[in-house]
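Peer 1: Below are the chains, spelled out letter by letter.
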Amino acid sequence: MTVIEVQNLRKAYGDTVAVRDVSFAVERGEIFGILGPNGAGKTTTVECVSGLRTADGGVISVLGRPPADTALRRLVGVQLQESQLPDKLSGREALELFSSFYPGPADWQALARDLDVPLTTRYAKMSGGQKQRLSIALALIGNPEIAILDELTTGLDPQARRDTWGLIEAVRAQGVTILLVTHFMEEAERLCDRLAVIDRGTVVALDTPAGLIAGTTTEQRIRFRPSAPVDVALLEARPEVRQVLRHGSQLEVAGTGNLLHAVTSVLAANDIIANDLRIEQASLDDAFVQLTGRSDTGE
Amino acid sequence: MNVFAKLTLTELRLFLREPMSAFFVIIFPTVLVVILGCIPAFREPQDSLDGGRVIDLYVGIAVVLTLAMVAVQIAPAVLATYRERGVLRRFATTPVSPLKLLGAQLVTNLLCAVVATALVLAVGRIAFDVPLASQFAGFVLTFLLSAAGVLAIGLVIAALVPSGKAGNSVGTLLFFPLMFFAGLWTPREVMPEALRTVADFTPLGAAERALNDTMTGHWPAAVSVTVLLGYVVVFGFLAVRWFRWS
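As you go down the protein sequences, you meet chains A and B in turn. Position in the first sequence (first residue = 1) + 85 = our numbering. Position in the second sequence (first residue = 1) + 16 = our numbering.
In short, the hints are calculated from the structure, not lab data. Nothing here was measured: the structure is a model prediction, and the numbers come from that model. Hints should not be assumed to be uniformly reliable.
Claimed, not checked - Result set (BS3-like, lysine-lysine): computed pairs, CA atoms no more than 27 Å apart in a straight line:
1) 173/A / 181/B
2) 22/B / 210/A
3) 173/A / 22/B
4) 173/A / 116/B
5) 181/B / 210/A
6) 116/B / 181/B
7) 22/B / 216/A
8) 210/A / 173/A
9) 181/B / 216/A
10) 116/B / 216/A
11) 116/B / 22/B
12) 173/A / 216/A
Can you make the complete structure from the sequences, with help from the hints?
Peer 2: And the structure:
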């Protein structure tokens, strides 16, 4: 069942077109990622879906309603980028206050515990990571059907980032649909069931992370130290193999398709063991670079 | 507790956590009355004031001072900061409209002004024998009307400034002329004729005159009430037109 549907979304600020033509549909219970370089139109897209901005063109439907429908405020939890709280408000006060906004709120104490939100610290005194975790807690406090999370783990240290991913997976396990904006490849690959890659205001690809990676033409590389000398010609005879290089005692085989199978079957047939085997596969990074023509996400 | 009461309580707490603002709004007007009341000549009836005393006038002026502080110093800075830092947008994603937060902020300011006013009146009455408004209903109505007028002006400032800091500066810049016409430095009664006419059409000048009328047993002058109503309507309309949530 589709819970968010965006068709031909368009939004401009004056002469600057932030979103040119974005369409996607999010199914109930999935974690849907929006990935793209800075300025691609990710945040504008989710702000239109959240009802914070009015689209110039296109149709958005959230749980069958237009995004401006106030009934959605109860059903959709939003974590905004660059949204702060009053300096002198403590974590406990923020959580208690926001939980009073919803008819069936989550247990704020449990959320605070899971997300390690400091209860007595005032907002101005919190670290970037603490503010971010409080912001995530506030997005989840109303027990939403859909959570929209913009740059979920920006500003978190690696451990906190992994903890947050775990929490998001737990939230999804309860049936919450999650729309996630990110520029972290690792995050997208780990969390998202499907991804829309947005660049310059349009969707350039929409697939599962594995599908996006499989779609790249980047070749794989396999490195290993063979237990006995290998006849390179045998390897090169396989259609998957493009090139074999020697680095001292190491062999590096480059190629495409099911390269690992090709290499291991040649080795097995010759009773050779591959020691220190390492595979360098195409990653979401490679897919991203191919799709957007940029070497990173602009960060 | 309903959400609005909870929001107001939170806003009150946040207000009290800014010791400087809390002191200037709640305590300072009373301190002013006490200092002026300690000057013996100000406690003597003056011929130039039709037999009134300077301290009697300054109780009314101190009440206006509390209104000026909450409405042009505090409210615009707080609301502009809320917009600048995305607090209003944050609320817009919840079932509680940011309008409620704005309302809670205004009620908080009004409550602080009421407390400060009660303190001024009590100290004036106990320490310096300044009579309580003999037209008390008129005093309350005038106080509320004046508060509505200056808070509407505060909202317009909050709507126009880009940041909390700018809100603070504009508020402070406006505070001095507004309080000048309210008679903080030269009470209306001893202003030159021309200046007095101008003062009667400024929001705090009109408020001071109307409050003074009710404190001496009269209903406020029609012109003051009309001027105050005018500020409520015009600035209320502009605030609604111009206020931005993000």
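Peer 1: Next step is simple, just say for each hint if it's right about the structure.
Peer 2: Okay, the hints, checked on the actual structure:
no.: 1; hint: 173/A / 181/B; in the structure: 17 Å, holds
no.: 2; hint: 22/B / 210/A; in the structure: 23 Å, holds
no.: 3; hint: 173/A / 22/B; in the structure: 16 Å, holds
no.: 4; hint: 173/A / 116/B; in the structure: 19 Å, holds
no.: 5; hint: 181/B / 210/A; in the structure: 20 Å, holds
no.: 6; hint: 116/B / 181/B; in the structure: 23 Å, holds
no.: 7; hint: 22/B / 216/A; in the structure: 22 Å, holds
no.: 8; hint: 210/A / 173/A; in the structure: 9 Å, holds
no.: 9; hint: 181/B / 216/A; in the structure: 22 Å, holds
no.: 10; hint: 116/B / 216/A; in the structure: 24 Å, holds
no.: 11; hint: 116/B / 22/B; in the structure: 11 Å, holds
no.: 12; hint: 173/A / 216/A; in the structure: 13 Å, holds
Going through the hint list in order, the structure satisfies each hint without exception.
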